[in-house]
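Q: Chain by chain, the residues run as shown.
Number of protein chains: 2
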Amino acid sequence: MIVEIITIGDEILIGQVVDTNSSWIAKELNNIGLSVKYINTISDSEKDILDSTKTALKRSDILLITGGLGPTRDDITKKCLTHYFNSKLVFDKTVFCDIEKYFTRRNRPINQLNRDQALVPENAKIIRNPVGTAPSMLWLTSNNKVIVSMPGVPDEMKHAMSSEVIPLLKKRYRGNHVIHKTVHIFNIPEAELAEMLSQWEDNIPEIIKVAYLPSAGKLRLRLTGVGSNKATITNAIEKALNGLYPIIGDYIYGFDDEDFTQSLLNLLINNNVTLSCAESCSGGYISHKITSIPGASSVFKGGIVAYSDSLKINLLNVTKEILEANGAVSKEVVELMATSCIEKLNSDLSIAVSGIAGPSGGTEEKPVGTVWIAWASKKRVISKKFLFGAQRDRVILRTADAALILLKQFIENNKL
Amino acid sequence: MIVEIITIGDEILIGQVVDTNSSWIAKELNNIGLSVKYINTISDSEKDILDSTKTALKRSDILLITGGLGPTRDDITKKCLTHYFNSKLVFDKTVFCDIEKYFTRRNRPINQLNRDQALVPENAKIIRNPVGTAPSMLWLTSNNKVIVSMPGVPDEMKHAMSSEVIPLLKKRYRGNHVIHKTVHIFNIPEAELAEMLSQWEDNIPEIIKVAYLPSAGKLRLRLTGVGSNKATITNAIEKALNGLYPIIGDYIYGFDDEDFTQSLLNLLINNNVTLSCAESCSGGYISHKITSIPGASSVFKGGIVAYSDSLKINLLNVTKEILEANGAVSKEVVELMATSCIEKLNSDLSIAVSGIAGPSGGTEEKPVGTVWIAWASKKRVISKKFLFGAQRDRVILRTADAALILLKQFIENNKL
Chain Y
2 MIVEIITIGD EILIGQVVDT NSSWIAKELN NIGLSVKYIN TISDSEKDIL
52 DSTKTALKRS DILLITGGLG PTRDDITKKC LTHYFNSKLV FDKTVFCDIE
102 KYFTRRNRPI NQLNRDQALV PENAKIIRNP VGTAPSMLWL TSNNKVIVSM
152 PGVPDEMKHA MSSEVIPLLK KRYRGNHVIH KTVHIFNIPE AELAEMLSQW
202 EDNIPEIIKV AYLPSAGKLR LRLTGVGSNK ATITNAIEKA LNGLYPIIGD
252 YIYGFDDEDF TQSLLNLLIN NNVTLSCAES CSGGYISHKI TSIPGASSVF
302 KGGIVAYSDS LKINLLNVTK EILEANGAVS KEVVELMATS CIEKLNSDLS
352 IAVSGIAGPS GGTEEKPVGT VWIAWASKKR VISKKFLFGA QRDRVILRTA
402 DAALILLKQF IENNKL
Chain L
2 MIVEIITIGD EILIGQVVDT NSSWIAKELN NIGLSVKYIN TISDSEKDIL
52 DSTKTALKRS DILLITGGLG PTRDDITKKC LTHYFNSKLV FDKTVFCDIE
102 KYFTRRNRPI NQLNRDQALV PENAKIIRNP VGTAPSMLWL TSNNKVIVSM
152 PGVPDEMKHA MSSEVIPLLK KRYRGNHVIH KTVHIFNIPE AELAEMLSQW
202 EDNIPEIIKV AYLPSAGKLR LRLTGVGSNK ATITNAIEKA LNGLYPIIGD
252 YIYGFDDEDF TQSLLNLLIN NNVTLSCAES CSGGYISHKI TSIPGASSVF
302 KGGIVAYSDS LKINLLNVTK EILEANGAVS KEVVELMATS CIEKLNSDLS
352 IAVSGIAGPS GGTEEKPVGT VWIAWASKKR VISKKFLFGA QRDRVILRTA
402 DAALILLKQF IENNKL
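For the protein sequence lines, the chains are Y and L, in the order given.
One gets our numbering by counting positions in the first sequence from 1 and adding 1 to each.
One gets our numbering by counting positions in the second sequence from 1 and adding 1 to each.
Just so you know, not all the hints are guaranteed correct.
It does not matter which identical chain is used: a pair holds within one copy or between any two.
Below, in silico cross-link-like pairs of lysine-lysine (DSS-like), each with a Cα-Cα straight-line distance of 27 Å or less [what the hints assert, rightly or not]:
| # | residue 1 | residue 2 |
| --- | --- | --- |
| 1 | K80 | K210 |
| 2 | K48 | K28 |
| 3 | K345 | K321 |
| 4 | K146 | K48 |
| 5 | K379 | K345 |
| 6 | K102 | K385 |
| 7 | K385 | K321 |
| 8 | K231 | K321 |
| 9 | K367 | K172 |
| 10 | K386 | K102 |
| 11 | K102 | K332 |
| 12 | K171 | K409 |
| 13 | K182 | K126 |
| 14 | K102 | K367 |
| 15 | K59 | K48 |
| 16 | K380 | K28 |
| 17 | K146 | K55 |
| 18 | K94 | K240 |
| 19 | K379 | K94 |
| 20 | K210 | K48 |
| 21 | K89 | K182 |
Just so you know, the hints here were simulated from the structure itself, not pulled from any lab data.
My request is simple: use the sequences and hints to build the entire structure.
A: Here is the structure:
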């Protein structure tokens with residue numbers, strides 16, 4: 002089964018926008034055993050859209066098109082495909098209601114250009130768009146090919162794929178099984194991990210392939226099994242996983258698409274404990290990560306972004322003497338921030354952070370990237386020093402990850 | 002002059018790696034007046050490489066190929082192109098010395114696979130690779146087409162492009178100038194903007210093309226001018242821009258690659274004023290955006306993430322009576338949060354936010370997406386209500402954008 006992607010948009014061809022849609026689609030299709038063979042980027046030109054569609058339908062079975070569905074003059078994908086499939090545009094009442102609702106929610110007037118977005122090709126199946134105004138369109142040809150045209154805005158494309166396209170393709174093409182298992186690993190550099198796992202890699206079942214996917218301070222290890230027998234693959238993956246725990250169990254903090262912050266939040270909810278945080282160098286990012294998750298308000302009391310020393314003094318009981326004796330980036334200060342946070346924000350648990358995100362502010366003794374993190378309950382406080390390197394954005398990301406991942410471990414192991 | 006890019010690599014087709022090379026190449030070529038018209042991603046398969054090369058050389062004048070030049074079995078680009086150009090591989094001593102040096106510097110043994118990288122097609126111009134082991138290859142055909150094959154590793158590709166390919170193309174094609182001007186626009190939906198600008202679009206100089214690039218709550222309007230005379234294009238763009246201000250001047254908040262938060266920070270630094278913020282529904286994201294910028298500590302005092310009502314009461318002078326009379330998401334509460342923030346955090350200016358990020362918590366009167374934002378100085382407080390739609394992550398992003406963009410406008414217009 003050959004899959005082809007066409008992304009339409011001048012913004013990609015002039016290098017203003019990187020095409021991340023194709024990569025997302027490819028990954029999702031891989032998970033259901035379908036492989037993308039061609040990705041093409043073309044401009045919003047009628048000739049190119051028609052030519053590419055023709056070429057694609059000669060060599061591929063599934064054609065996924067993104068982009069060019071907006072309300073403005075440069076968006077011509079819908080017109081071109083309607084022409085290609087010998088159809089005509091008709092007014093769709095359901096789509097119009099969706100568009101109306103979209104604007105009503107935003108308290109905005111609806112205009113003719115948006116009204117025209119409710120015109121859809123007569124012979125296409127329409128996929129409604131709850132997060133934007135352009136619906137997606139799907140055609141099944143007489144020779145069993147599937148063509149889908151979706152918006153280029155990533156959220157809108159992802160919604161169409163997840164809600165309709167992937168379920169449909171899954172049903173139509175039951176081919177080889179491809180099973181992935183992704184292990185989330187924390188705080189080991191890639192080369193060191195590869196060395197630790199060298200013998201394990203030699204001994205895992207042959208049908209399992211291993212890939213290392215590093216990102217700032219974290220790493221995903223992906224095991225992929227391909228074959229016709231699902232049980233054989235599942236068993237092989239399980240066997241490989243069982244071999245992994247004795248070697249790096251302590252560094253594993255999650256699996257697959259699990260959202261780590263969500264699982265921490267679930268743990269807090271199940272244990273019926275509240276959390277607050279006092280952030281210096283992470284500047285609100287820990288609070289942001291927690292509050293990104295729906296339902297955070299049931300356990301997250303809030304936080305203090307004590308970016309300046311005066312705030313640490315006024316709001317978190319840190320004294321000038323303690324600051325002068327130890328510096329703001331110290332065990333003493335961060336532990337005091339954590340315990341004061343519990344008291345002032347009236348929570349069961351707290352996280353406190355103080356560090357040097359850089360690029361300036363480092364010293365020989367405390368270089369840029371030095372971060373102290375403290376975790377407190379009403380009974381005790383634990384703190385730890387980290388060195389997160391010299392890049393400001395990475396220091397902030399890694400601080401938040403360490404703070405949240407270790408909080409979860411401390412709760413699970415009854416350390417707090 | 003039509004430019005085409007072919008990127009070769011299974012890692013892109015399975016979604017493991019996002020193709021950032023094409024975007025980089027497109028941008029660089031744009032700067033010298035060349036436009037990419039097609040980008041194709043294909044697998045490391047002989048048939049696909051030959052077919053794509055053939056198609057590209059029919060429709061394009063310049064073909065840039067990346068990937069498939071490594072030392073391992075799956076890298077077959079060099080073999081395929083040598084075959085395509087009826088050539089044979091010969092040993093290149095200069096390339097071999099480069100490879101030897103590369104390994105000596107790393108104190109690594111050189112093996113047969115690496116030695117084979119010194120075999121190059123007899124009829125190609127070789128571009129040496131000081132940052133890796135695979136040289137690039139360049140062919141000029143009898144009908145004046147240029148074909149370049151480069152490594153897929155971004156640093157190695159960039160080196161070949163910057164040192165040899167771009168200078169060569171610049172010399173060969175002294176063609177059109179392409180000038181872009183991107184205008185950042187805030188808080189008008191795409192279709193509404195298009196309607197407002199419809200007459201303006203009809204009247205701008207013909208050599209200017211307009212593109213709308215929307216993202217959550219923001220929009221970039223890109224003006225592109227193409228022509229042989231640079232001054233003519235610059236003038237045309239300036240004329241178009243001048244026509245834009247009277248219509249949507251209030252909604253413009255930046256240009257080109259400018260980082261908005263950075264420019265706000267510069268404004269605060271230049272005016273020597275400090276900022277703090279009190280966030281409810283944005284949950285720390287505004288603080289995070291500000292503190293992502295190096296040097297934020299010189300003007301940002303910090304913030305309070307008053308996620309729970311008890312924090313609004315304990316830390317921000319909000320009373321139970323005010324909360325009961327108006328609700329947490331109200332003009333009264335958000336203005337009080339802003340003025341208390343100035344007092345408690347001792348800053349010159351403050352931002353306060355209270356809203357319903359969803360998915361739950363909405364009512365008929367205050368649906369999910371309702372957000373009140375207040376901006377305060379020691380003299381006055383301004384507040385505004387927004388409806389940011391029903392998606393939690395977008396509500397958070399749009400809240401932060403509105404808070405920061407309008408703060409900048411208020412400072413610039415002496416409103417605070």
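Q: Which hint numbers doesn't this structure obey?
A: Violated: hints 8, 9, 12, 13, 16, 18, 19 and 21.
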